[in-house]
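Asker: Residue strings, one per chain:
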Amino acid sequence: MNPNLKWKVIFIFAVILICLYFILGMPTFPTSYATLKDNFAHQIKLGLDLQGGTHMILQVQVQEAVTQETDQTVDRLTTQMRQKNIHYDEVRRVDDTHIIARNVPSDQFNQFRDLLHDQFESSWTVGSAPGEPNSTLLTLRPTTIAAIEETTMSQTLETIERRINALGLTEPTIQPHGRVGQDNEILVQLPGEGDPAAARRVIQAGGQLQLQLVEDPQTYPSEAAALASKGGILPPGTELVQGSNEGRTPAGQNQGDVWYVLSRTPAVTGRDLRSATESRNTDMPGQWQINFVLSSDAGRNFERFTEANTGRQMAIVLDHKVYSAPTIQGKIGDQGRIDGNFSQESAHELAQILRAGALPASIKYLEERTVGPSLGADSIRHGVQASVLSLVVVMIFMVFYYRLSGVNAVLALILNLIILLAALAMFGAVLTLPGIAGVILTIGMGVDSNVLVFERIREEIRNGKSASAAVEAGFNKAFLTIIDTHVTTVVSAIFLFIFGTGPIRGFAITLTIGLIANIFTAIYVSKTIFQYHLANMDRQAELSI
Amino acid sequence: MIELFKQPNIDWMGKAKYFFALSLLLLIIGWSAIFLKGGIKYGIDFKGGTNVDVVFAQPPDIDKLRAGLRAQGLVNTEIQSIRPLGLSSSTSNEVLIFVEQAGQSDQGLEDQSKAKVLTALAATYGVANPTKPDFNAVTPNALANFLSQKDPLGLSVAAGDKYQTLAKSLLGYRDKVKNGVITNLGDLSQVNGATPAVISALQENYSLAPFAIQGVEIVGPKVGAELRNQAIRVTLYALAGMLVYIAFRFYGGQIGGSTGWAAKGAVGFVLRLMDRIIFGLAAVLAVFHDVLITLGLFKIFGFEISLTVIAALLTLVGYSMNDTIVIFDRIRENNRLLRKEAFAEVVNKSINQTLSRTILTSGLTFLTVLVLFLMGGQVLRAFAFALVVGIVVGTYSSFGIAAPLVVAWNSWRGHGVAAGTGTAAGNKTRG
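Protein chains in written order, with the working numbering: chain A, 1 to 545; chain B, 1001 to 1431.
Rather than coming from a laboratory, the hints here were simulated on the basis of the structure. Note that the Cβ used here is the ideal one computed from N, Cα and C, for glycine as well. Incorrect hints may have been included.
So these bits of chain A aren't anywhere near chain B, every CB distance computed over 10 Å [unchecked claim]:
(1) K6
(2) Y21
(3) N134
(4) T144
(5) I164
(6) Q218
(7) L227
(8) T265
(9) V293
(10) N301
(11) G311
(12) G330
(13) E460
Ranges of calculated distance between the beta carbons of each label pair, as one might list FRET restraints [said to hold, decoys possible]:
(14) A:T528 - B:I1079: 38 to 48 Å
(15) A:A14 - B:A1115: 52 to 62 Å
(16) B:I1062 - A:E150: 48 to 58 Å
(17) A:F40 - B:N1184: 52 to 62 Å
(18) B:M1274 - A:I494: 35 to 45 Å
(19) B:D1151 - A:T35: 26 to 36 Å
Here are the simulated DSS-like pairs of lysine-lysine, each with C-alpha atoms no more than 27 Å apart in a straight line [as the list claims (entries may be wrong)]:
(20) A:K45 - B:K1178
(21) A:K45 - B:K1168
(22) B:K1222 - A:K364
(23) A:K364 - A:K8
(24) B:K1340 - A:K477
(25) A:K37 - B:K1168
(26) A:K6 - A:K364
(27) B:K1006 - A:K477
(28) B:K1150 - B:K1176
(29) B:K1006 - A:K465
(30) B:K1178 - A:K37
(31) B:K1162 - A:K45
(32) B:K1037 - B:K1047
(33) A:K37 - B:K1162
(34) B:K1047 - A:K364
(35) A:K527 - A:K477
(36) A:K8 - A:K527
(37) B:K1176 - B:K1162
(38) B:K1017 - B:K1340
(39) A:K364 - B:K1116
(40) B:K1349 - A:K477
Based on the sequences and whatever the hints tell you, model everything.
Answerer: And the structure:
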């Protein structure tokens, strides 16, 4: 045999072996049919639409974190100005990213400028407010906004991951979704038959703990009543937070919602927690409470804070809801507790959420899809049956129509599918329903490449060429057409991959892999088989095509 | 050698006007259906809302179901029977309940509709004994826990993961053999390892609702609109990418070079550019025509456009483009060889030469998707329909639309009309 041809054959067999290894040989080397099956199930991962499971897309409201940063800056700025005795009429947040400071006296303006320059200009640009000569406008820098959004996203992702993992489900996927830096979406996939409701409850719980000083000992029955008592405008640096009387009345009767006026700046946030555990409530039998311990830094701050505010009320706010507002009896160190009408389960869940950390911003559900196990099994059964049947029909026809050359085409098709599966296994891509569409288009184009070549070879034979010359010319002439059709489709598949999401991406991936494999099988492998056959047959014999 | 055609000699370009008329007719029929009957029918992916897929033990009474939903305050619902091809809706056990999203609320996804549908189902069809959990809704973990606690096989410490395996096979029987709904717990005795003791333990502690939830989809309204825009954008990008590639590959393949009438200035520039990229333009227009016709047929046959259908439409785009390129490649090649012939004649020859291949490939691919359409089950039906239609229309458009467009453009420009006049453009062709 021609040595060149021998190497080609060896190369093709090497490719087949490597592909089979990726599909069936991992993770444990197969010694029995059972491990072979397990390996296949492990390597070829099915999408949730085929396997059954729950798929959720959440959106992180990163804007909230930006607003919070602006609020905190207002507080920091006013505190600093008070300390430095700089006068002002008003410092307030205009919108999410702007702060306005009005009427700083001109003799103190340089001092004010210096303060801004020293402490705020790394995150804020300072300018004059349009139309207000005596005001200064601070604008949050775009780079800072991007940084805040990015941290918020990554913190949320980590938090959700910790919470989901605490549920102990099998192989959950939690990953960013959509356009980076724009969509702020998270994809959560829970394969199999877990309880999506529990997962959802755990994800949705904000777990945002804040201890805030109560600025007004009075509580109000409604938002409007609270505003009315303040003359329509809340004092600067305060906010209205809803709470319920429940759990504070000795008789346990529900007195309905009340509104508290609280300081905007929290003394302690969930991030300052070192641990959280549930225990029986010592004051109220049958109820549970959550005990928390602060980190050492936060503990020291909290000690100073409670000392300075002894005798005032402090609200324990969880997810923007006041749970209780006890009076500070004296200096408190690093421990505290949350009272509420908790059962053991709800206390346990809340403690777990507090331990996993708060979400830095709230979460909105965009999409939820649950595919039941029988529906998934149904899709896969029908999909596989149909694909196999049609593949068999195509193969029978090819052999019938092209005789021995048809066998060549069938081998190329099978190898194409093997490479496709191996590539899916190698990249850890999942096979979805649209992915199967990609496979079908691949099979179609694979058949097409073979037909193109074979028809050309037939034409050359009709024109009187010898078998080997006809094969050579047939492949040469069909080559450019095959490249053109494949490149065009790959170009569009790449666009689909870049700009599409979810199902469209799954389609693009299988299609691209399948087409690249097809160029290899329909041209290189198929031609090698022809050459091998020609080398072994009588020079004068007719080609079976 | 088995051959489909021996040297076909059909005047395709002579029939171009009939092809254009046929396409126009199909477009008008499909799109007047779309415009007159409330637009394209979007699936939940693109319109938002809640879909609950329920399978019943008996074909459900749709009116009773609707009344039950209304009792829960669900007014804007659509109930659709899911059935195998050929079965009438009254014999179908499976329904899809769609609930419209309540307004454009910014509260994110409210799963109230899902909860309400579940309540309505329970109230209408009910569980025989509400104190016992429903076996048709139990999860493998819950069942395994129950079995380990009850220990009907008396294995105690030796149980290991035997009960996990048993729970899996019991539910496997429920989901795969019985399609998700069991009507009699006694049926489970067919499962390997389900001894009478196991069955009686199940019978004592579980009840059976006459339905089971197969799947739930909740899509927020914002996402729906976003996905819709994205699908359109992505399709257009893919088409543009193809246009650029084909225009590049066939660039300068204009027919007859300078013999066409020339215009000066901007108009002339555009016309000359069109001469050069007409192959790419015609291919993209033909594919676009395929998508439009398929969308029209979707409306007429009452299928919904979902994300999966978009994948099918993209498959058809790829397929149709493939077909067109094969013919164009042959035209380019023949244009070099047959310098003396009129361009329309060259195109005819090219189509005839590739006819065997076209019929073979399309026929086989058509067969593939037809099997998928007939056997693929309801999940794949709309998807397979798009492919069945797409392959027929895509194959037709390569010789019926794409090639005639190139010929029509060149004859309008006066290129390569009469035999022997054109200095063939082949020498300018690349590739």
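Asker: Are the hints correct? Go through all of them and say.
Answerer: Hints versus structure:
Every beta carbon of chain B lies more than 10 Å from that of A:K6, the smallest distance being close to 31 Å; the non-interface claim holds. With a cut of 10 Å on Cβ distances, A:Y21 stays outside the contact zone with chain B, its closest approach being about 29 Å. Every beta carbon of chain B lies more than 10 Å from that of A:N134, the smallest distance being close to 37 Å; the non-interface claim holds. Every CB of chain B lies more than 10 Å from the CB of A:T144, the least distance being 26 Å, so the non-interface label holds.
Remark: the non-interface label on A:I164 is consistent with the geometry, its nearest Cβ contact in chain B lying 16 Å away (cut-off 10 Å). Separation of A:Q218 from chain B is adequate, the least Cβ-Cβ distance of about 30 Å exceeding the 10 Å criterion. For A:L227, the shortest C-beta to C-beta distance to chain B comes to about 23 Å, beyond the 10 Å cut-off, and the non-interface label holds. For A:T265, the non-interface assignment is confirmed: its Cβ lies about 27 Å from the closest Cβ of chain B, beyond the 10 Å cut-off.
No Cβ of chain B comes within 10 Å of the Cβ of A:V293; the nearest lies about 33 Å off, and the non-interface call holds. A:N301, annotated as away from the interface, keeps every beta carbon of chain B farther than 10 Å; the closest lies near 34 Å. Listed as outside the interface, A:G311 is consistent with that label: its C-beta sits roughly 40 Å from the nearest C-beta of chain B, beyond the 10 Å cut-off. Residue-level check passed: A:G330 sits 42 Å from the nearest beta carbon of chain B, beyond 10 Å.
Once the 10 Å rule is applied to beta carbons, A:E460 is consistent with being away from chain B; the minimum gap is 13 Å. Here the CB-CB span from A:T528 to B:I1079 is close to 58 Å, at odds with the stated 38 to 48 Å. Against the hinted window of 52 to 62 Å, the Cβ-Cβ separation of A:A14 and B:A1115 comes to about 57 Å, which satisfies the hint. As the Cβ distance of B:I1062 to A:E150 is approximately 51 Å, the hint placing it in 48 to 58 Å holds.
Under the hint 52 to 62 Å, the C-beta atoms of A:F40 and B:N1184, about 35 Å apart, miss the expected range. Taken as a hint, the range 35 to 45 Å is violated for the pair B:M1274 and A:I494, whose Cβ atoms sit roughly 27 Å apart. Range check, B:D1151 to A:T35: about 31 Å between beta-carbon atoms, so the 26 to 36 Å window is met. For the hint pairing A:K45 with B:K1178, the CA-to-CA distance comes to about 25 Å; that is within 27 Å, so the pair holds.
A C-alpha spacing of about 20 Å is found between A:K45 and B:K1168, which places the hinted pair at or below 27 Å, so the restraint holds. Only pairs whose Cα atoms come within 27 Å are accepted, and B:K1222 paired with A:K364 is accepted, the gap being roughly 11 Å. A hinted pair counts as satisfied when its Cα atoms are at most 27 Å apart, and A:K364 with A:K8 does not qualify at roughly 56 Å. The suggested pairing of B:K1340 with A:K477 holds, with an alpha-carbon distance near 22 Å, which does not exceed 27 Å.
Proposed proximity of A:K37 and B:K1168 is supported: the alpha carbons are some 18 Å apart, at most 27 Å. Of the pairs offered as hints, the one joining A:K6 and A:K364 is violated, with about 61 Å between alpha carbons and a cut-off of 27 Å exceeded. A C-alpha spacing of about 21 Å is found between B:K1006 and A:K477, which places the hinted pair at or below 27 Å, so the restraint holds. A threshold of 27 Å between alpha carbons decides the hint, and for B:K1150 with B:K1176 the separation of about 25 Å falls inside it, so the pair holds.
A distance of roughly 18 Å separates the Cα atoms of B:K1006 and A:K465; the hinted pair therefore holds under the 27 Å criterion. Taking the CA atoms of B:K1178 and A:K37, the gap is about 24 Å. The hint holds against a cut of 27 Å. Our distance criterion of 27 Å between C-alpha atoms is met by B:K1162 and A:K45, whose separation comes to about 26 Å. At roughly 17 Å between alpha-carbon atoms, B:K1037 and B:K1047 fall within 27 Å of each other, so this suggested pair holds.
For a cut-off of 27 Å, the pair hint linking A:K37 to B:K1162 stands: about 21 Å separates their Cα positions. With a C-alpha separation of about 18 Å, the suggested pair B:K1047 and A:K364 falls inside the 27 Å cut-off, and the hint holds. Annotation: proposed proximity of A:K527 to A:K477 holds, straight-line Cα distance about 13 Å (limit 27 Å). For a cut-off of 27 Å, the pair hint linking A:K8 to A:K527 stands: about 10 Å separates their Cα positions.
Taken as a hint, the B:K1176 and B:K1162 pair is honoured in the structure, with Cα atoms around 20 Å apart against an allowance of 27 Å. Only pairs whose Cα atoms come within 27 Å are accepted, and B:K1017 paired with B:K1340 is accepted, the gap being roughly 25 Å. Restraint check for A:K364 and B:K1116: satisfied, since their Cα atoms lie roughly 20 Å apart, inside the 27 Å limit. Note on B:K1349 and A:K477: the hinted pairing holds, with a Cα-Cα distance of about 17 Å set against a maximum of 27 Å.
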